[in-house]
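The lines below spell out each chain.
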Amino acid sequence: MHETGIALEILHASTKVLADHGGTRVVRVKVAVGELSAVEPELLAYAWEAAVAGSPAEGAKLEVEFVPARQSCPNCGPVVREPGAWVPLCLSCGSPLNVEGGTELDLLQVEFETDGEGV
Amino acid sequence: MSPTADVRTQILEANRRAAEALRRHFAGEKTLVVNLISSPGAGKTTLLEATLARLGDRYRTAVLVGDIATEKDADRIRRLGLPAYQILTGGACHLDARQVQGALEKASFGPLDILFIENVGNLICPTSYDLGEDFKVVLLSLTEGDDKPFKYPAIFSRAAVAVLTKMDLLGVVDFDLAAVETQIRTLNPSAEILRVSAKTGEGMEAWCRRLERALSAKRG
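Protein chains in written order, with the numbering used here: chain A, 1 to 119; chain B, 1 to 220.
A couple of the hints might just be wrong.
Here are the simulated SDA-like pairs of lysine to any residue, each with C-alpha atoms no more than 20 Å apart in a straight line [stated by the list, open to error]: (1) B/K151 to A/E40; (2) A/K30 to B/T4; (3) A/K61 to B/G91; (4) A/K16 to B/T9; (5) B/K151 to A/G59; (6) A/K30 to B/R8; (7) B/K151 to A/E42; (8) A/K30 to B/Q10; (9) A/K61 to B/A92; (10) A/K61 to B/R8; (11) A/K16 to B/A107; (12) B/K151 to A/V99; (13) A/K61 to B/R16; (14) B/K151 to A/K30; (15) B/K151 to A/T103; (16) A/K61 to B/K151; (17) A/K16 to B/R78; (18) B/K151 to A/N98; (19) A/K61 to B/V7; (20) A/K30 to B/P3; (21) A/K30 to B/T9; (22) A/K30 to B/A14; (23) B/K72 to A/E40; (24) B/K151 to A/G34; (25) A/K16 to B/K151; (26) A/K16 to B/A27; (27) A/K61 to B/A14; (28) B/K151 to A/H21; (29) A/K30 to B/E13; (30) A/K61 to B/A5; (31) B/K151 to A/G102; (32) A/K30 to B/S2; (33) B/K151 to A/A53.
Facing chain A, from chain B, some residues (calculated, C-beta under 8 Å) [said to hold, decoys possible]: (34) Q10; (35) G121; (36) C125.
Note that these hints are calculated values from the structure, not bench results. The beta-carbon is built from N, C-alpha and C at its ideal position, and this holds for glycine as well.
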């Protein structure tokens, strides 16, 4: 349960972006969370609400883009699967599969307001 | 529409930078650094005790151990006459690179061949935090059940070595070794899987050789 720490890091990074751009209030933050990042998107959203209280990002929307890991067969190409449903061997040829991606834990976008701008 | 800044940086950028500083430091010192991760009670400290009994007089070793409370694990290592430093996280479920930097300053171990970092017992959170290690080792004990790699895919996909511990309990507990090894290979085709019992000594040779190979590679 380290989503609180992750939420605080997102807050820290996004308020730095806000300061760099001369903004006054963060209204939306978009992050990428990979399937293999060890972060649970729902818990992160919950932790975010608590983390932003009293900060320039209070009330800001946290948009989480979930990035699945990709399994692929060296002979048959990409494997279609649901997140969490790992395929042990290629369903067509029985070869061991490779895993790529899904480790993302990135800040993608920060939307903000500047002084004198209405909501 | 309000102005939007496209950034694309790692959320754990501060930790990444601290980990890179540690990695440069350890590269200069030619110290092999191993980050041990498992659930509580899988046998991290016991594996370390058995490892240090074999390697402790041949190499300069030290252990950094993370726990929420108590010095118990560091005391077990100190009883072997070897240096250990306990990081008390006070509730945090993982170690981060800045805690490791702080602990190394306080511990002042001197030159080391191998530094073992025993993470807080947890299969999830420690996965996200790079500590500047050469590689992660995940431990899974036979009593935890044979469905764990697919349940906790993040750590099993990132650990270079998976150690199946308490092998002396095979036959006592229901544990499908083949199924577990298939799950680990599915998540990480290049993972090395070792079957170990610190109690009987089974697999300890292979584990120690794995460490010595990594140390030779680090020394170049």
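The hints, checked one at a time:
Under the criterion of a C-alpha separation no larger than 20 Å, the hint pairing B/K151 with A/E40 is consistent with the structure, at around 13 Å. Note on A/K30 and B/T4: the hinted pairing holds, with a Cα-Cα distance of about 10 Å set against a maximum of 20 Å. For the proposed pair A/K61 and B/G91, the alpha carbon gap of about 28 Å is over 20 Å, so the pair is violated. Simply put, A/K16 and B/T9 have alpha-carbon atoms about 12 Å apart, close enough for the 20 Å limit, and the pair holds.
Restraint check: the Cα-Cα separation between B/K151 and A/G59 comes to about 33 Å, which exceeds 20 Å; the hinted pair is violated. Simply put, A/K30 and B/R8 have alpha-carbon atoms about 10 Å apart, close enough for the 20 Å limit, and the pair holds. Restraint check for B/K151 and A/E42: the C-alpha separation of about 17 Å stays at or below 20 Å, so the hint holds. Restraint check for A/K30 and B/Q10: satisfied, since their Cα atoms lie roughly 12 Å apart, inside the 20 Å limit.
Taken as a hint, the A/K61 and B/A92 pair is broken in the structure, with Cα atoms around 26 Å apart against an allowance of 20 Å. The hinted pair formed by A/K61 and B/R8 meets the criterion: a straight-line CA distance of about 17 Å does not exceed 20 Å. For the given pair, A/K16 sits about 33 Å from B/A107 by alpha-carbon distance, which is inconsistent with the 20 Å threshold. Only pairs whose Cα atoms come within 20 Å are accepted, and B/K151 paired with A/V99 is accepted, the gap being roughly 16 Å.
Proposed proximity of A/K61 and B/R16 is contradicted: the alpha carbons are some 26 Å apart, above 20 Å. At roughly 27 Å between alpha-carbon atoms, B/K151 and A/K30 are farther apart than 20 Å, so this suggested pair is violated. Between B/K151 and A/T103 the alpha-carbon distance is near 16 Å, which keeps this suggested pair within the 20 Å criterion. This hinted pair does not check out: A/K61 and B/K151 have alpha carbons roughly 30 Å apart, beyond 20 Å.
The suggested pairing of A/K16 with B/R78 is violated, with an alpha-carbon distance near 43 Å, which exceeds 20 Å. Restraint check for B/K151 and A/N98: the C-alpha separation of about 18 Å stays at or below 20 Å, so the hint holds. With a CA separation close to 17 Å, the supplied pair A/K61 and B/V7 stays within the 20 Å bound. The straight-line distance between the Cα atoms of A/K30 and B/P3 is roughly 14 Å, inside the 20 Å bound, and the hint therefore holds.
Simply put, A/K30 and B/T9 have alpha-carbon atoms about 11 Å apart, close enough for the 20 Å limit, and the pair holds. As the CA atoms of A/K30 and B/A14 are separated by approximately 19 Å, the hinted pair is consistent with the 20 Å bound. Of the supplied pair hints, the one linking B/K72 and A/E40 is violated, its CA atoms being roughly 31 Å apart against a limit of 20 Å. With a CA separation close to 15 Å, the supplied pair B/K151 and A/G34 stays within the 20 Å bound.
The straight-line distance between the Cα atoms of A/K16 and B/K151 is roughly 36 Å, outside the 20 Å bound, and the hint therefore fails. The suggested pairing of A/K16 with B/A27 is violated, with an alpha-carbon distance near 32 Å, which exceeds 20 Å. Distance check on the hinted pair: A/K61 and B/A14 sit about 23 Å apart at the alpha-carbon level, beyond 20 Å; violated. Restraint check: the Cα-Cα separation between B/K151 and A/H21 comes to about 42 Å, which exceeds 20 Å; the hinted pair is violated.
For the given pair, A/K30 sits about 16 Å from B/E13 by alpha-carbon distance, which is consistent with the 20 Å threshold. In summary, the hint linking A/K61 to B/A5 is supported, as the alpha carbons are separated by about 15 Å, within the 20 Å threshold. Pair hint B/K151 plus A/G102 holds up; C-alpha atoms about 15 Å apart against a cutoff of 20 Å. A C-alpha spacing of about 14 Å is found between A/K30 and B/S2, which places the hinted pair at or below 20 Å, so the restraint holds.
For the hint linking B/K151 to A/A53, the alpha-carbon distance of about 33 Å lies beyond 20 Å, and the restraint is violated. Because the smallest distance between the Cβ of B/Q10 and any Cβ of chain A comes to about 6 Å, under 8 Å, the interface hint for this residue holds. The interface hint given for B/G121 is violated, since its Cβ lies 13 Å from the closest Cβ of chain A, which is over the 8 Å cut-off. Contact between B/C125 and chain A, as hinted, is supported at the beta carbon level, the nearest pair being about 4 Å apart and thus within 8 Å.
This entry does not satisfy hints 3, 5, 9, 11, 13, 14, 16, 17, 23, 25, 26, 27, 28, 33 and 35, going by the numbered hints stated previously.
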